[in-house]
Amino acid sequence: MRSVAVGRLSEREGRPWGKFLVVFFGYSLLLYVIGTVIVFRLPWMFTRVDLMMAVCVEVAGRFPLWLSILWCFLWGYVSDVFQGRLWGLHGAAYLLVVYLHRLWSAQMDVWSLWYRVLLVGLGTAVQGVIAAMIVVGGSEMTGVVITTVGQVLFSMMISPFVMTPIPWILGEKDR
Amino acid sequence: MPDWLRRVRLVAVVVIMGGAMLYVLSLNFRPPAQMDMLQRTVVETLGPLLHVFRKAAQSMEKWVLGYASLRHVQEENELLKKQRAFLESELVRYQEAFLENQRLRRLLDFRDSLQVETVAAEVVVQNAAGWSRTIIVNKGFRDGVQTDMPVFGDEGVVGYVLDVSERYARVLLLTDRDSAVDALVQRNRVRGILGGLDTDTCELRYVRSNQDVRPGDLVVTSGKDGIFPEGLRLGVVKQVTKDPSALFQQIVVVPTVQLSVLQEVLILKSLPNFPVQWLEGTAKE
Numbered sequence: 000m001r002s003v004a005v006g007r008l009s010e011r012e013g014r015p016w017g018k019f020l021v022v023f024f025g026y027s028l029l030l031y032v033i034g035t036v037i038v039f040r041l042p043w044m045f046t047r048v049d050l051m052m053a054v055c056v057e058v059a060g061r062f063p064l065w066l067s068i069l070w071c072f073l074w075g076y077v078s079d080v081f082q083g084r085l086w087g088l089h090g091a092a093y094l095l096v097v098y099l100h101r102l103w104s105a106q107m108d109v110w111s112l113w114y115r116v117l118l119v120g121l122g123t124a125v126q127g128v129i130a131a132m133i134v135v136g137g138s139e140m141t142g143v144v145i146t147t148v149g150q151v152l153f154s155m156m157i158s159p160f161v162m163t164p165i166p167w168i169l170g171e172k173d174r
Numbered sequence: 000m001p002d003w004l005r006r007v008r009l010v011a012v013v014v015i016m017g018g019a020m021l022y023v024l025s026l027n028f029r030p031p032a033q034m035d036m037l038q039r040t041v042v043e044t045l046g047p048l049l050h051v052f053r054k055a056a057q058s059m060e061k062w063v064l065g066y067a068s069l070r071h072v073q074e075e076n077e078l079l080k081k082q083r084a085f086l087e088s089e090l091v092r093y094q095e096a097f098l099e100n101q102r103l104r105r106l107l108d109f110r111d112s113l114q115v116e117t118v119a120a121e122v123v124v125q126n127a128a129g130w131s132r133t134i135i136v137n138k139g140f141r142d143g144v145q146t147d148m149p150v151f152g153d154e155g156v157v158g159y160v161l162d163v164s165e166r167y168a169r170v171l172l173l174t175d176r177d178s179a180v181d182a183l184v185q186r187n188r189v190r191g192i193l194g195g196l197d198t199d200t201c202e203l204r205y206v207r208s209n210q211d212v213r214p215g216d217l218v219v220t221s222g223k224d225g226i227f228p229e230g231l232r233l234g235v236v237k238q239v240t241k242d243p244s245a246l247f248q249q250i251v252v253v254p255t256v257q258l259s260v261l262q263e264v265l266i267l268k269s270l271p272n273f274p275v276q277w278l279e280g281t282a283k284e
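Protein chains in written order, with numbering that gives the first Met the number 0: chain U, 0 to 174; chain G, 0 to 284.
Keep in mind the hints are simulated off the structure, nothing from the lab.
Beta carbons: idealized from backbone N, C-alpha and C, even for Gly.
Please note that the accuracy of each hint is not assured.
Footprint (simulated), chain G over chain U, 3 or more residues, beta carbon under 8 Å [as the list claims (entries may be wrong)]:
id : stretch
1  : 15-24
2  : 34-40
3  : 108-120
Computed footprint of chain U on chain G, listed as stretches where at least three residues anywhere in the stretch have a Cβ under 8 Å from a Cβ of chain U [claimed, not checked]:
id : stretch
4  : 13-20
5  : 39-49
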């Protein structure tokens, strides 16, 4: 369990709480604002992806579990508040990602970019499908699937750019 | 950490998480009402920030779109400028052709009405700025041009041929100081000699002080000098200065032909019977 090993290493060195807070509030807020102000206003449906999912994957891999869960609750709730419907969907998707990360971290290379990107894609897919099922029901599944696939691919494409600053903020430049 | 405390902490975490989940999920089933305190806190805290960022993004978007539009406009502007320059040059060319056409038509009419053999010539060199007021035209011996032949423009007398080469001829203009044309004031037949004064004007010399000459009088050829036929327009009196102690008055005449912008001329190869419209009686028109 490399994440645990890293956690232990962090514990030995003293956890960078200040940097955690920068990611927890500062960078997450920045991403949320960018997502709300820019990404959600893009003209194509498939580009309207949740940037916070990529942050969530990074948080799941680098933060202590309880802080990751807190992050999921906080930013999931904030997203829900500004969306005004589908309460709990964002938070649930984030929590799912954190759970899957904890589940798979024993068997997979959690520092692999492919792994993290796939995790982002999975989270986006779950979020998109559930939201579509709730909102449009099963009547327009073809459109839902196409849009969701587009969103998954687009979120996987941009997630490396979203995730890259986090290790840099946390001072993990060697990784 | 003791086991009981660890269990209590676990239970506390589960309870808090469960409570939070229930709270969030319960929001799905609440009828629309005023936001609760937690929602208001989130909205009131992040709302202004999002508003500011949204405004900034809109400004940036507007700027980017404006810039893109400006680039498009700039490209279009460049294209239009080129087109405009081309059309302007075309227009100038057409205007030139039109003016040339008019000038040539007038010369042609003049030649036809003269019913004499004439040679049309183009001005090659204009030497009106130096001491000598002459022009070089592109007709010479080969075209039958000889010295002392009268030269006309579409508005009247230009001068006479001074020298001739094989293909070119030098014409002495009315405004040259050495030029001398026997002239009459068309209104009262007062006679004098028209010679050059400066670049643009002539002087009607040897007119006695008691003769009646007024500004605006038309000056025409008298036909007595053996070069020019009678009654051709030379110029208009611009200024008359009378000195009681002097024998002659000073009369400044402006040539009817704009010599500084002359481009085409007619050289008369023989003395004609001039048509009525080119004689003095029509000069007032």
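message: Flag every earlier hint the structure violates by its number, smallest first.
response: 1, 3
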